[in-house]
Structures are given as C-alpha cells and as structure tokens.
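Visitor: What follows is each chain in one-letter form.
There are 2 protein chains.
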Amino acid sequence: MTVSKQFDIIGFDADDTLWESEDGFRANELRFVELVSSYAPNGIDVKAALTATERKNLNTFGYGVKSFAISMVEAAITISSGSVPTDVLAELIEMARAQLEEPVHMLPHVPEVLATVGAAYRLVLITKGDLVHQTHKIETSGLAHHFEELEIVLEKDSETYLRLLGRLKVEPDRFLMVGNSVRSDILPVMALGGHGVHVPYHLLWDLEHVEHNELFVELKSLGDLPIWLGLA
Amino acid sequence: MTVSKQFDIIGFDADDTLWESEDGFRANELRFVELVSSYAPNGIDVKAALTATERKNLNTFGYGVKSFAISMVEAAITISSGSVPTDVLAELIEMARAQLEEPVHMLPHVPEVLATVGAAYRLVLITKGDLVHQTHKIETSGLAHHFEELEIVLEKDSETYLRLLGRLKVEPDRFLMVGNSVRSDILPVMALGGHGVHVPYHLLWDLEHVEHNELFVELKSLGDLPIWLGLA
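Going down the list, the protein sequences come from chains A and C. Everything in the first sequence is counted per the working numbering, starting at 6 for the first residue and increasing by one. Everything in the second sequence is counted per the working numbering, starting at 6 for the first residue and increasing by one.
None of these hints come from the bench; they were simulated from the model. A portion of the hints provided could be inaccurate.
[Claimed, not checked] Here are the in silico distance ranges between beta carbons for each label pair: (1) H217(A) to S86(C): 45 to 55 Å; (2) S86(C) to E25(A): 34 to 44 Å; (3) S226(A) to L209(C): 47 to 57 Å; (4) P113(C) to F221(A): 43 to 53 Å; (5) I232(A) to A57(C): 36 to 46 Å; (6) M111(C) to A196(A): 30 to 40 Å.
This one's a predicted model, so the numbers in the text were calculated from it and none came from an experiment. Glycine residues also receive a C-beta, built at the ideal position from the N, C-alpha and C atoms.
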C-alpha cells in the first residue's frame with residue numbers, strides 16, 4: 006500500500022508539545038502566592054492579580070520567563086502596597102533565573118516521533134516566547150537537526166503563519182501544525198485553510214484559553230502522530 | 006560607466022545603525038545611578054555594579070530592555086543590601102516599560118539610503134536584542150518593506166552569520182554587513198571572509214567594546230554608503 010502525502014511541511018510547537026514548560030510557570034506561580042500572600046491585605050486574590058499583571062504587560066513585554074519575572078516583581082509591589090521586603094523580590098528574580106537555566110524535560114515519544122515523521126516530511130519548529138530561552142532549549146534538546154527551520158515568533162496568529170508559509174513556499178492547505186494550544190497552534194492555521202492536530206497538555210496557561218466551535222483532530226499523545234499520518 | 010556588483014546581499018544592523026537605541030539605555034542608567042546611589046554605602050561604584058550585573062546575566066537573560074530591567078532591579082537590591090525602597094524598584098520597571106514603548110527615533114539619511122541601496126541590492130536586517138521590542142521597532146519604523154528578511158538573533162557571532170548566509174544561499178565573500186558595532190557587525194563577518202562597513206554611533210555600550218587589529222572601511226555617516234557603493 007502506498008500512502009500519498011497530504012502535507013508538504015509539518016510544523017511543531019515546542020513548549021508543552023516537545024518539552025515541559027507550563028509546569029515551571031505553575032510552580033513559580035504557586036511559590037509567588039506563598040511568598041507574597043502574607044504582605045497582601047485580606048481579600049486580595051494574589052494569583053488573579055499576577056495573571057492580570059501578565060495580561061496587562063503582554064503587549065509591551067511579550068511572552069516568556071523574563072516578562073513573567075518583571076510581572077511578578079511589579080505585582081508583588083502593587084499587591085502589597087510596597088510593603089513586600091526586597092529579599093522576596095530578589096527571590097522572585099532568582100526563581101526566574103532558575104526557570105531559564107532548568108534543563109529541558111522532554112515529553113514522552115518526542116525523539117522517536119520526530120525521527121519517524123522527519124524521515125517522511127519536512128519539519129519546522131514554530132514557537133513563541135523568549136528568544137534566549139527558546140534558543141537554549143532548542144540547542145540543548147538535541148532535537149534541532151530534525152527541523153529545516155527554527156522560528157521563534159512574537160505571536161502565533163494567522164498573519165505570522167502566512168508570512169512563514171510564504172517564506173517556506175508552501176500553500177496553507179499543504180501545511181499541518183501540531184501543538185498543544187488551540188489558540189496558537191490550531192485556529193490561526195485553520196483560518197488560512199491549513200490543518201491542525203491538537204495534542205493537549207495537562208496544563209494550559211490562563212492566557213492561552215480560547216472559546217471556539219471548530220472541529221479538528223485531537224490526539225491523546227504525540228506518540229499517536231505517526232499512526233495518524235499512516236507512517237506506522 | 007557600468008558598476009559591477011561586488012555583493013549579492015547587504016545586511017544592516019538596526020540599533021544605533023538605523024535608529025537610536027543606546028541613548029535610551031544611557032538615560033535609564035543615569036537615572037538608575039541617581040535613584041539608587043543614596044541607598045548604596047560610600048565607596049560603591051553604582052554604575053560599574055550595574056554593568057557587572059548585566060554582564061553576569063547576559064548568558065541567561067540575553068540582550069535587550071527586559072534583561073536590563075531585571076539587572077537594574079537585582080543590582081539595586083544588591084548594592085543597597087536590600088535597603089532600596091520598593092517604590093524605587095517599581096520606578097525602575099516603569100523606566101524599562103517607557104523605553105520599550107518609546108517611538109522609534111530614526112537616524113539621519115536612513116529612509117533615502119535604504120531606498121537607494123535597496124533598489125540595487127537585496128537587503129536583510131540582522132539584529133539582536135529583545136524579540137518583542139525589535140519586532141515593534143521594525144514594524145513601526147515603516148522600513149520593513151526594504152528588507153527581504155528580518156532576523157532577530159541571540160548573538161551576532163560568526164556561527165550565526167554562517168547559518169543566515171546558508172539560508173540566504175549567499176557566499177560570505179559576496180556579503181556585506183553594515184553596522185555600528187565592530188564586535189557584532191564587522192569582525193564576525195570578516196572572520197568568514199565577508200565584508201563589513203563600520204558606521205560608528207556616538208555611544209557604544211560597554212559590553213560591545215572590543216580590542217582588535219583588523220582593517221575595514223569606516224564611514225562617517227550612513228548617508229555616505231550609496232557613494233561608497235558607487236550608487237550616487
């Protein structure tokens with residue numbers, strides 16, 4: 006049996022698709038709540054205030070750990086009306102530094118899946134977030150050689166995908182994107198006439214939540230991708 | 006007279022080559038010294054301590070304003086042994102936010118030079134720094150259409166240039182890089198057998214200073230580039 010190829014290029018998201026990411030943010034968010042709550046007046050939702058600060062800062066500071074660090078410092082000062090001790094603020098910065106220096110924790114099946122799928126398709130990696138952090142993760146993961154291009158973008162919207170597909174000289178309907186975020190990996194690609202395969206992760210950042218009525222393929226694990234593609 | 010083209014692609018640096026950048030860092034550095042000095046013991050070189058913190062953080066946090074913001078907060082706490090008031094730290098974050106939101110201040114001759122040179126050559130923009138900040142500056146400057154590619158990279162070293170030139174399918178000896186930093190724009194390109202034109206800016210960040218014995222072309226102003234290329 007021959008399988009005719011439905012796609013010219015397959016794009017992979019990175020954070021929470023190839024390796025753990027949200028876990029580090031959640032752990033630091035919990036630690037933030039522990040550290041800052043005792044300096045906040047009763048009735049303050051410390052976690053909600055941090056998320057609101059992140060949302061407010063997103064356009065100016067962008068995605069990623071450095072932006073998160075700045076939002077933590079800012080939110081701690083605001084929530085506590087300035088009463089938070091400076092050693093707590095120093096600890097928030099150290100938490101961000103540790104998060105940036107943490108080794109990559111690869112998700113199950115990733116190396117085998119990239120080897121199998123990469124033998125049959127051209128692969129690109131498309132991620133947003135912090136330039137230095139994403140570059141370090143891609144390089145230290147040992148996975149970079151599977152990808153024809155490594156794209157670290159500001160926002161994963163339809164405009165960005167259209168620009169990338171133009172550069173790769175591939176039509177949207179011949180492009181498949183694989184990732185854990187419906188908002189960033191699936192909907193903007195489908196809006197162009199492209200295809201998405203959703204592989205949910207057990208954690209999703211509040212700012213990635215999206216309401217929608219679209220239908221698309223959802224796999225329980227990245228390990229199921231070769232079967233779905235007819236490669237195994 | 007016909008002029009045979011010596012280059013296939015010309016790369017331009019962005020910060021302090023196309024628009025002002027170091028001015029914003031210097032202004033905030035001065036303001037940092039003003040704000041923090043009264044909480045530092047006598048005998049502390051506040052400015053030097055900030056620069057040392059930036060140097061220490063460079064590998065983990067990378068280049069750009071967010072990294073600078075985190076270094077300012079960290080240095081202020083360290084220098085003052087934690088005695089700096091939290092409202093000063095909040096002001097340091099606001100200074101970074103203002104720097105990120107500041108409109109682009111284009112340098113003289115930039116639009117004309119890009120129009121003239123871009124009519125004869127393929128142009129690419131190659132910059133390091135913060136992804137969100139650089140993207141916003143490129144987009145709001147109205148200059149993006151002159152460039153075939155906009156590359157925001159982690160480090161402007163020979164390895165990075167080699168990867169970019171490979172992707173652009175241009176031989177190093179057919180590539181010219183134009184920029185204000187000998188360390189980042191000229192020496193790594195020359196090391197590959199490529200060409201560099203240095204256009205100094207009146208300010209240079211401490212961490213961009215480099216000792217060298219190389220000889221290369223230096224222009225007083227970007228406005229001289231078309232003449233040097235034989236285009237005017």
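Visitor: Work down the list of hints and note, for each, if the structure agrees.
Guide: Each hint, compared with the structure:
Checked against the hint of 45 to 55 Å, the C-beta distance between H217(A) and S86(C) comes to roughly 52 Å, which is consistent with it. For S86(C) and E25(A), the hinted distance range of 34 to 44 Å is satisfied, since their beta carbons lie about 36 Å from each other. Distance hint for S226(A) and L209(C): a CB-CB separation of about 51 Å, consistent with the stated range 47 to 57 Å. Between P113(C) and F221(A) the beta carbon distance is about 51 Å. The supplied range of 43 to 53 Å therefore holds.
Distance hint for I232(A) and A57(C): a CB-CB separation of about 54 Å, inconsistent with the stated range 36 to 46 Å. Checked against the given bound of 30 to 40 Å, the beta carbons of M111(C) and A196(A), roughly 34 Å apart, stay inside it.
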